[in-house]
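Starting from the structure of chain H, add chain F where the hints point.
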Amino acid sequence: MAIPISNGAHRDRDRERDRKPVMDLFGDYTLRLVALGSAVLGATSGALGSFAYLRRQSLLGDAVSHAALPGIVLAFMLTGSKAPLVLMLGAGLAGWIGTLAVQVVVRRSRVPYDSALGIVLAVFFGVGLVLLTYIQKLPNAAQAGLESFLFGQAASLLRRDVVTMAVLGAAALVILLLLWKEFKVLSFDPDFAAGLGLPVRRLDGVLTLLLVVAIIIGLQTVGVVLMSAMIVAPGAAARQWSRRLAPMVAIAVAIGIFSGVTGSIFSSYVPRLPTGPTIVLVLSAIFVISLFMAPYRGLLWRSLRFGVLRTAPDLDPVLMHLYALSHQHPDDPEHGHSVAVIQTMSPPEAKVDAALERLADRGLAQRTADGGWAPTPIGRREAQRILDREAGEGS
Amino acid sequence: MNERQEWALEVEDLTVAYADKPVLWDIDLQVPKGVKMAIIGPNGAGKSTLVKAAMGLIKPVAGEVRIFGNSRDRAEGQIAYVPQRATLSWDFPTDVIDVVTMGTYGRVGWFRRCGAAEKEEAMAALEKVGMTDFARRPIAALSGGQQQRVLLARALVQDAPIYILDEPFQGVDAPTERAIIEVLDDLADIGKTIIVVHHDLQTIPEYFDAVLLLNVRAIDSGTVEEVFTEEDLRLTFGGRVGVLAASGGQVEVGGEVSP
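Residue numbers (our numbering), protein chains in the order written: chain H, 1 to 395; chain F, 1 to 259.
Treat the hints as calculated values from the structure; they're not laboratory data. No experiment lies behind these values; they were computed from the predicted model shown. Using N, Cα and C, we set each Cβ at its ideal position, and we do this for glycine too. Do not rely on the hints blindly, as some may be mistaken.
If the Cβ cut is set under 7 Å, some of the chain F residues that face chain H in the computed set are [unchecked claim]: (1) P83; (2) L88; (3) F92; (4) G130; (5) G145.
Same shape as in the complex, but just chain H:
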């Protein structure tokens, strides 16, 4: 019998898994270092990535991380040093030049923003690969290890690397907190921010610089190819669970730290499992769960919410009356209609008030500022769908 045997094996392994990583986290120096570094990288990319997500700049993160590669190699070629600060400075400079290049292309030509990002990403990454291949053919062995920046190699993290990451990450987060309200209004409504007299272009530059810092912090662990996932996914997942900015950023930071630490533990437990990609996989799992399961915004929630309508026939007539009334104001579909009017259109025993409240719960109707009711755009679409269906059945 195969089933009991495999169950037994699972139980043994589960017990082992329960014990070993916890022990390792406190006992194993390398794992502790890797987990700490990954937590720092998860926290900074979660926070700055949230802003990139809200400003629709997720792809900029991808371009910056690819553009950093030639910077890393050039920094080594010029200095002969592999000190973390030197390589990160090279990466940061190249990434920064990459963002400037995108701006120049967009401003000086008719190439659209996404294409400019793609071009800059490809050109910089290509130059990086050429330089990397070139120095690997040199007789000198000192360059060994630079290629690990492609896909990341967490095991190569040294104490000085993690210290540099922590200092840079802390500095980025402190600046983010200090300029919180300015960055918030910049992200929501840059034109209004300019009207307030805020130096919008400089603030935009600082926020982009902080994003570059968040990216270079992660390059050694996750690598230039997968780094963009660390920028995009925590913010995108956190947005599903939050309605305001501060909780969103806090949740994104928590997701980043959790993915970093969990990914490190998994990869140290399973032989030959690379840390960076494992972290990204954990993160992707959290993102997929958030996409489906989150309340209000999750796909499952939404399909349940709108699916229920078909099993609530008492609501349909009220929605249809509301839809018919809204046609009296073709220029202003959100004009409010009083409950009394809808009541006169309905059978006397109909509980119009309760039906309206339930329609509102489903996002199909809304209370207007003058105390009346109006169908929402979704409600109007749903009503039209019911009409179309009835017309189809009639013919």
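Then chain F, alone, in the frame of chain H:
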């Protein structure tokens, strides 16, 4: 005293181009202090562009913008701006009171958080637009009219001498339109200058006391009585608007007819 200071907003020889195609050509405009001015013109006339150039959001090819006689660069924070509702991302994770509080960010100062005083100002502004019950509502859950009221409340909190609103009546319900007009009238009463990009010709004489007719060039500007004439409207809109009759000093404007 500089004689120009009697103008709230002054535009001189302003030309703006996108990719070599001029969208505003040699605009001259003087907006006196305390007027309610409508900017009207057909689609693509450059109405929003003119407003953005006045705000310093767009760099003109040529020309100058002065605010109370000073160059634009020294006039930061003098204009409270209500952008077009549809240009904003209403999915941003924030609530109504937070958006309105943004109007105080210019004077709260760097590195400081908004406190109880700022929240109080924001609540007072929400009351003026009839939105106090919605203070903690996520902005994603607002109707179009409610969104427009929130943007107006945010501008009220900013308390600037000039208010510029870009299409504030676009797609809002009738009570919201009335509420906005009441707020603008109150602002004009305390000496604020109000400039509104507007699209409904019928309400111009009722809502405004000055008009700029714009179609890439400034066709004409002045008081409603002087400028809001059949001839000027024809020049601005070409054949696309049928002006039915001018009677009793009020111009009646019909719908669009094919050219």
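Taking the hints in turn, this is what the structure says about them:
1. P83: Since chain H brings a Cβ to about 5 Å from F/P83, closer than 7 Å, the hint holds.
2. L88: holds, 6 Å
3. F92: holds, 5 Å
4. G130: holds, 6 Å
5. G145: holds, 6 Å
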